[in-house]
Amino acid sequence: MNPRLRKAPGALFIHLVLGGYTLLVLSPIVLVLVNALKKRGAIFEDPLALPTADTLTWAGFHKVLGNASVSTMFANSLIVTGVSLVLILLFASMAAWALTEYRFPGNRLLGLFLAFGIMVPIRLGSVSIMQTMVSLGLINTLAALILVYIAQGLPLAVMILSEFMHQVPGELKDAARCDGVGEFSIFFLVVLPLLRPAVATVAVFTMVPIWNDLWFPLILAPGESTQTITLGIQQFIGQFATDWNAVLAALTLAVLPVLAAYALFSRQLIRGVTSGALK
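Each residue of the sequence shown is one higher than the last, beginning at 90 in my numbering.
Treat the hints as calculated values from the structure; they're not laboratory data.
Small disclaimer: the values here were computed from a predicted structure and weren't measured.
Do not take every clue at face value.
What the hints assert, rightly or not - Here are the computed distance ranges between Cβ atoms for each label pair:
no., residue 1, residue 2, range
1, V297, L107, 36 to 42 Å
2, T146, H255, 51 to 57 Å
3, L198, I103, 40 to 46 Å
4, T331, S215, 23 to 29 Å
5, F277, L101, 23 to 29 Å
6, V347, A100, 46 to 52 Å
7, V344, S215, 39 to 45 Å
8, F205, N156, 40 to 46 Å
For glycine and all other residues, C-beta sits at the position ideal for the given N, C-alpha and C.
Just need the whole structure built from these sequences, with the hints factored in.
In structure tokens:
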């Protein structure tokens, strides 16, 4: 019997499982988008139904896009996420390079310290973090959020990148040193380009928690000029009445940057994940 035919049932089962999981993951996003286009009564009457000519409405999107503060919230989220992501990737890759390439006193101790940072949630230190930001005068600033997110994302990023650093051939680095290339040039021109799949993987896994975070924007930057989109959506939720069309429309718009980033880095992300699996 042809080996391909023997493998066909197993491959079909795997594809069915993965397809089912994909539908399960995407269904909440689709449900939010569908209900964002329906009138309030239709949302509660049948949330799973598609919008019809009688129930279709763009009122939620008009209200969100017509709100001047929403653009500021999006800009704040983009700034906080973008700056945090760039600095996390830069610092984490340099730290991973130092931990894997050089041997110095406290090398293993520093690695254990970073591992401890992965195990302990940063929210446990919310009171101390808030006191520190107050003493530094950073409350209601985007800098406070950026500093916290860098501290939150560095441990995991360093650990992941360190594993990929071990896969870079030592002969390649030694050859560059023999040609008189400096350590910084080796890192930025030789090693870092080889880590693009790993960097993309870390970027995606780091970006999503930062973009979706509600806790630290709520306690560190609740001002109108510093609100992120996740926190700003709360303004459409009232104590006695909630504008569900606006809430769902804002959630739909908030998902778009994450989906765009995933589409942009998807190829590198898959390469990074499979490279780690085959290690």
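Comparing the hints with the structure gives:
Distance hint check: the CB atoms of V297 and L107 are about 20 Å apart, inconsistent with the given range 36 to 42 Å. Distance hint for T146 and H255: a CB-CB separation of about 55 Å, consistent with the stated range 51 to 57 Å. Under the hint 40 to 46 Å, the C-beta atoms of L198 and I103, about 43 Å apart, fit the expected range. About 27 Å separates the C-beta atoms of T331 and S215, a value consistent with the hinted range of 23 to 29 Å.
As the Cβ distance of F277 to L101 is approximately 46 Å, the hint placing it in 23 to 29 Å is violated. Hint check: V347 to A100, Cβ distance near 30 Å, so the stated range 46 to 52 Å is violated. Distance hint check for V344 and S215: the Cβ-Cβ separation is about 26 Å, which falls outside the suggested range of 39 to 45 Å. For the pair F205 and N156, the beta carbons lie near 43 Å from each other, so the given range of 40 to 46 Å is met.
Going down the numbered hints, you'll see the structure goes against 1, 5, 6 and 7, while the others check out.
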